[in-house]
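Under the UniProt record's numbering, think of the first position of the sequence shown as 1, with each following residue one higher.
In silico lysine-lysine, BS3-like type, Cα no more than 25 Å apart, as pairs: (1) K177 - K248; (2) K136 - K248; (3) K248 - K263; (4) K177 - K263; (5) K201 - K263.
Note that these hints are calculated values from the structure, not bench results.
Quantities reported herein were computed from a predicted structural model and do not represent experimental measurements.
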Amino acid sequence: MNQWASSIAWAVTFLAGALIVSPADASEAVPESGSDIRITRDFVPGPFGQVHVRIAEPTHPGANPPLVLFHPTPYSGDYFDTFMKVMATDRTVIAIDTPGYGDSDRPEQLPSIGDYARSAAAALDALAIGTDADQKIDVLGYHTGGLIAAELAVIRPQLVRRLALPGLPFFVGEERKAAYDRNARPEPVEADGSHLLSRWKFTTAATDVGLSQTRGQAHFNDSMQCYPHCWEAYHAVFTWPSERRLAKITQPVLLITSAGSLKEETEAAREYLDDSRLIHFPEITLGGFDLHTDKLAAAVRSFLAE
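Working from the sequences, and respecting the hints, build out all of it.
Here is the structure:
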């Protein structure tokens, strides 16, 4: 058995036709810390201008498909910095900045999730990822990124092999409309700078559970790159017909929930997925990709190895 596939104790049950797994100690499966992984950056053409990407190359190249990451709003691919380095010990990992976020150019019109997915597809084409008919990728998307990953799997089914979707913003009907009204609103630029304090509190909330102030500052800086247009991704999220699009996914899906946000919404999405697994981490609240990197990486790596 190779070094990154060390055994994990899983308790497995079947419920409503989908697999639920609970890790006894998921962190055991991570082969290395990833501390020696270097992330390079590049710009490639997309439908709305330039698309910024981060690429982490593996220390132990093998046959694993590349893993493509889609970040939550209002951040960029930097959100996955630590996670990328851990996952890249045995595969290429690519994080794509959503148009209008990070260093990717912003669309002139209000975007849709379909627009974001087409931009991702164009970026991958420019990187020659998937241009070989036999080459596949795996995808992981968090919050907004989960919908982009799902849409990419629908429009490029021959490209996407497996999906990991932690914290999926699955809303339907009146709940989706209410979520739109709460979130898809232009953001103020206050003369007294109070909007900066509000954003600081939001982006550094995980410092209450162990995130370093330095990393919290990095998240704040990252989130301000889209300001005051950060709300535009929420327009895309809450106009995406999630129940219809998820039902078109044919690939295996890993849903991940935690004690943080979107637990119930993620669980509700299982009804529309033909081949899904659900794993829950009750110990994770905020900052999972920074503070519980090994556990999340082990769960994702195990799923991708199936």
